[in-house]
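Enquirer: For chain A, the structure is supplied; the task is to place chain B on it using the hints.
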Amino acid sequence: MVGEKLGRRYASAVFSAAGDFDAVERVGSDLAAVAGAIDGDPLMRDFFLSPVISRSAKERALLEAFQGKVHDVALHALLLLVRKRREAVLSVLVPEYRKLQMASRGTDPLTVTAARKLTESELDALVSRLQSLYGKKFEVNEVVDPKLIGGVRITMGDRRIDGTVSGQLEALARTLFSPN
Amino acid sequence: MINADEIAGILKAQIESFKTQVQEDEVGTVIEVGANLARVYGLRGVRASELVEFADGMQGVALNLEEDNVGVVILGSDKDIKEGDKVRRTGRIASVPVGEALLGRVVNPLGQPIDGKGPIETNRYRTIENTAPSVVQRQGVKQPLQTGIRAIDALIPIGKGQRELIIGDRSTGKTAIAIDTIINQKGMNVFCIYVAIGQKNSTVAALSQVLEQKGAMEYTTIVAVSPAEAAALRWLAPFAGAAMGEELMMKGKDVLIVFDDLTKHAQSYREMSLLLRRPPGREAYPGDVFFLHSRLLERAAKLSDELGGGSMTALPIIETQAGDFAAYIPTNVISITDGQIYLTPELFFQGIRPAVDVGLSVSRVGGSAQTKAMKSVAGQLKLELAQYRDLAAFAKLSSDLDKQTQTQLMRGEKMTELLKQPQYQPQKMEDQVALLYGAGKGYVNDIPTARLQAWAKGFIDFLHAKYASIPEGIASSGQLSDDAKKQLDAALTEYNKSF
Chain A
5 MVGEKLGRRY ASAVFSAAGD FDAVERVGSD LAAVAGAIDG DPLMRDFFLS PVISRSAKER
65 ALLEAFQGKV HDVALHALLL LVRKRREAVL SVLVPEYRKL QMASRGTDPL TVTAARKLTE
125 SELDALVSRL QSLYGKKFEV NEVVDPKLIG GVRITMGDRR IDGTVSGQLE ALARTLFSPN
Chain B
587 MINADEIAGI LKAQIESFKT QVQEDEVGTV IEVGANLARV YGLRGVRASE LVEFADGMQG
647 VALNLEEDNV GVVILGSDKD IKEGDKVRRT GRIASVPVGE ALLGRVVNPL GQPIDGKGPI
707 ETNRYRTIEN TAPSVVQRQG VKQPLQTGIR AIDALIPIGK GQRELIIGDR STGKTAIAID
767 TIINQKGMNV FCIYVAIGQK NSTVAALSQV LEQKGAMEYT TIVAVSPAEA AALRWLAPFA
827 GAAMGEELMM KGKDVLIVFD DLTKHAQSYR EMSLLLRRPP GREAYPGDVF FLHSRLLERA
887 AKLSDELGGG SMTALPIIET QAGDFAAYIP TNVISITDGQ IYLTPELFFQ GIRPAVDVGL
947 SVSRVGGSAQ TKAMKSVAGQ LKLELAQYRD LAAFAKLSSD LDKQTQTQLM RGEKMTELLK
1007 QPQYQPQKME DQVALLYGAG KGYVNDIPTA RLQAWAKGFI DFLHAKYASI PEGIASSGQL
1067 SDDAKKQLDA ALTEYNKSF
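Just so you know, the sequences run in chain order A and B. Going by this note's numbering, the first residue of the first sequence is number 5, and it counts up by one from there. Going by this note's numbering, the first residue of the second sequence is number 587, and it counts up by one from there.
Incorrect hints may appear among the rest.
[As the list claims (entries may be wrong)] Listed next, with one range per pair, are the computed distances between beta-carbon atoms: (1) B:877 - A:143: 38 to 48 Å; (2) B:789 - A:56: 56 to 66 Å; (3) B:670 - A:87: 25 to 35 Å; (4) A:80 - B:631: 36 to 46 Å; (5) A:16 - B:699: 51 to 61 Å; (6) B:866 - A:177: 36 to 46 Å; (7) B:789 - A:53: 52 to 62 Å.
[Said to hold, decoys possible] Here are some chain A residues pointing at chain B (derived, C-beta under 7 Å): (8) 7; (9) 8; (10) 9; (11) 10; (12) 170; (13) 178.
[Claimed, not checked] Derived lysine-lysine pairs resembling DSS-like cross-links, with alpha carbons at most 25 Å apart: (14) B:605 - A:9; (15) B:668 - A:151; (16) A:151 - B:672; (17) A:151 - B:605; (18) B:672 - A:9; (19) A:103 - B:672.
Since the hints were made in silico from the structure, they are not lab data. Backbone N, C-alpha and C fix where the C-beta goes; we use that ideal spot for every residue, glycine too.
This is chain A alone, in the form it adopts within the complex (with noise of 0.2 Å):
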């Protein structure tokens, strides 16, 4: 967790320029659009973590690929992190960037993993249930993991609700294995 600390500060800084603009939505899918195209592409990726690439040769190739593209908010953030030669902290602001987001909007991150896709009656009956138990309102990440055998894993933040078959063998290996 290198550069987390880092990354929550260029994060708010970004944040807060961004909202001088009022782009905060844009700035935010823009940075995870960049943020993604860079990490999909092995070749982009060790082009723009190189040490060894001079830094006016990096700006060079962002400001062709990503001048009007992107709002300059965002743009101006990538240049500073090659200018700083911090471009690895990229991937750790965009989830930061997310979190500030999150919060200026008062959600919570809520990530429901669960051995197949759930309908949108089961997702939305487990949603409100949890939002009128935490009071609070969440932003959903859904993931499959068949890996779990059957039932749900509901994680927010450090919180983890375990429901899952795989959770329950877990537990009970444990006291198996347990010296009392």
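Expert: Just chain B, lined up with the frame of chain A:
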């Protein structure tokens, strides 16, 4: 022997009784692991010193709560913990099983048995870190704790609830004093806890055998952690031992706890602290190493009568390097405790064993706990030994000295000889009193120094055979009456004629 069907049956019962329920946990992720420490991302709600559980069931203690991660010391091996593993909060502070079921057992700092005598049947648990009894919960030290060692009981008396440091270089007999004290508690209704911190497993095995042979194991618990185990366990050991002792103390019992030794404990804490990147101070120990020991030893107490009047007497041991009592940890613990027993290699190699330096050793509170009988004979002994120390440098020139000086030297020599005592042979208070009375009255003056040990042993046997009422009287009243003195004089005269 249990057969496979029975095992299967037990497992089946466990599986059937297993309750399926939705678990709600607070979890974090391991981002770094090594040297029995883990850095964990998340766990934002975790409290200081809280117990956390790793995916494989291994436990740890959250020690460093930092801005974006938590430093966890792992209570065991870190070999099965991987980066990315989940870590679960337990909401509990580390605790150990306590109660009388632990007597006669050898356990690790987590209270798990390591003596192969099966599980420990107790449902009582106690957190290892507890606040020490407050001022109103205590009373002054007033009852003696007999070590059975003449040099200590007479000159450096220890009271129940006292903290008396045993300090000295390696192999000067520090542990021997503690073990003799434990052996001497047989039949005294004092429970003993011996905490071996980073002692060789072979040493602990030998020691538990000795205690077993002497019948001392039935009232003793050994908390042992070997040097091969994690520093975190060595750090926990004395606190776990103290928790076990406190449980008995709170029930109104008397407890003796030996920490062998706090030097290794401080070193383990230093190792942990440096790896946790806490700033090093003097001798690279962390800033709170004083507090570490002061809060541990403060838990030794003599409780007020309203709380049952139980007590916990602590005998911490400190090992010095080449007699350097002014090093950091020794001075810390000297200032925390209520006195110290100094052992020196010089005395040890002169054959004066236990090698107690009676000049430098003190007991700050034990005097008020000494029995009247012992007090009445110890005063003169103290005086004569002090005079002897002043003159000892002249001992080699004894032929050129005046009569009075020669007498003082002779007396000092006899007294020193009489304070020698073989290992594993603690002596009852009443026998010590009878012996020291005889020595004080000059009945030893004509006995050759080389034969003094034999004289002392013979006299006690003689006394018990022919004048058994005298030691019994001293033991029951705790006083040396004029009548008893007369009888002792008669016995000594009679014995000296036959010796």
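Enquirer: Decide, hint by hint, whether the structure agrees.
Expert: Do the hints match the structure? See the list:
no., hint, result
1, B:877 - A:143: 38 to 48 Å, "holds (45 Å)"
2, B:789 - A:56: 56 to 66 Å, "holds (58 Å)"
3, B:670 - A:87: 25 to 35 Å, "holds (33 Å)"
4, A:80 - B:631: 36 to 46 Å, "holds (37 Å)"
5, A:16 - B:699: 51 to 61 Å, "holds (53 Å)"
6, B:866 - A:177: 36 to 46 Å, "holds (42 Å)"
7, B:789 - A:53: 52 to 62 Å, "holds (55 Å)"
8, 7, "violated (10 Å)"
9, 8, "holds (5 Å)"
10, 9, "holds (6 Å)"
11, 10, "violated (11 Å)"
12, 170, "violated (12 Å)"
13, 178, "holds (5 Å)"
14, B:605 - A:9, "violated (41 Å)"
15, B:668 - A:151, "holds (20 Å)"
16, A:151 - B:672, "holds (16 Å)"
17, A:151 - B:605, "holds (22 Å)"
18, B:672 - A:9, "holds (21 Å)"
19, A:103 - B:672, "holds (22 Å)"
Going down the numbered hints, you'll see the structure goes against 8, 11, 12 and 14, while the others check out.
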